[in-house]
Amino acid sequence: MDGPNDSVVSEFVLLGLSGSYETKVFLTLIFSWIYLGIILGNLFILLLVIFNSHLHSPMYFLLANLSFIDMGVASTTVPKMITDLLNEYKIISFQGCMVQICFIHIMGGVEMVLLIAMAFDRYTAICKPLYYLNIMNPKICVSFVITGWVIGVTHAMSQFAFIINLPFCGPNKVDSFYCDFPRIIKLACTDGAKFEFIVAANSGFMSMGTFFLLILSYIFILVTVWKRSSGDLSKAFVTLSAHITVVVLFFTPCMFLYVWPFPRSSIDKYLFIADFALTPVLNPIIYTLRNKEIKVAIKRLIKRHYVKFC
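The letter at position 260 of the sequence shown is residue 260 when you use the UniProt record's numbering, and the numbering goes up by one with no holes.
If you're looking for bench data, these hints aren't it; they were derived computationally from the structure.
Values in this document were obtained by computation on a predicted structure and should not be read as measured data.
Careful: at least some of the hints might be erroneous.
Calculated pairs, SDA-like style, for lysine to any residue (alpha carbon to alpha carbon, straight line, at most 20 Å) [claimed, not checked]: (1) Lys173 with Leu29; (2) Lys173 with Val150; (3) Lys80 with Lys173; (4) Lys173 with Lys295; (5) Lys90 with Lys295; (6) Lys24 with Leu271; (7) Lys295 with Ile50; (8) Lys227 with Leu130; (9) Lys24 with Phe120.
Simulated DEER-style distance windows between Cβ atoms [what the hints assert, rightly or not]: (10) Trp149 with Lys299: 29 to 35 Å; (11) Ser18 with Phe256: 16 to 22 Å; (12) Ser53 with Ser10: 48 to 54 Å; (13) Glu196 with Ser10: 21 to 27 Å; (14) Ile219 with Ser143: 24 to 30 Å; (15) Ser32 with Phe197: 24 to 30 Å; (16) Pro79 with Cys189: 28 to 34 Å; (17) Leu36 with Ile135: 36 to 42 Å; (18) Ile219 with Pro167: 44 to 50 Å; (19) Phe162 with Pro129: 31 to 37 Å; (20) Arg228 with Leu301: 30 to 36 Å; (21) Thr224 with Val142: 22 to 28 Å.
Just so it is clear, CB atoms sit at the ideal spot from N, CA and C, and this is done for glycine as well.
Construct the complete structure from the given sequences, taking the supplied hints into account.
Written out as structure tokens, the structure is:
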């Protein structure tokens, strides 16, 4: 018995992304550039917020935490996906698979809470500007982050506690480029119906609840702006449309896999590229390039280094 749960299986074979060799080479280059963009973009935002005193406000504190989580989410899956694309045998150990699952769900839970916190921050700033600093005080911001980690860990461990004790005696092929609860449960040598229900009840409810809560917050913001600007929603809609796009990209794969668990097709592995690669690389662009304070901070940083260089 080689596995930590006294099972026969000690490693899993990831089938990865299908395609010709030329396609895989192309995807390797594309995802390598995307991952580089994820790390550099989010690290830049994180350091900019930390070292620029003008950005020490609730919105940017939450944004810095989101950038940190985005780097973590991408790093959990994308580097292995890149190295596996050109490998004939894509192996991940049982322990490595379990660790990957835990990190994916922990950081996924944290990101959901951060997205809610950022939506609440924008709602407070737009709908209750006079009370903004009282409501979004440092204690509340830190509480949001701590709550995110508590929920993320609880969410992951509550499912992991069931999965780790499942017997795995073969087969061991995972039709994806990463490990996750639905794919692994299908390989267990036992009836996984009750575990499917646990995943649907836990991850599905969390994904659906967060998604609709975010959409409702954006609707409240749009209604408030509409009332105050005599029906002119153009500016608010342009700003929120980018945020809504990120929310839809992030939650669509989650709802597809967890609300209706265990799809028979392998389309979900392609959808989750949005979560692990596209959303993390888009977040720095969407949340910063449209922001005047970030632009000013970048110009100030460039000017400071330009003067030192000269």
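List of violated hint numbers, smallest to largest: Per hint list: 1, 2, 4, 5, 9, 15, 19 violated.
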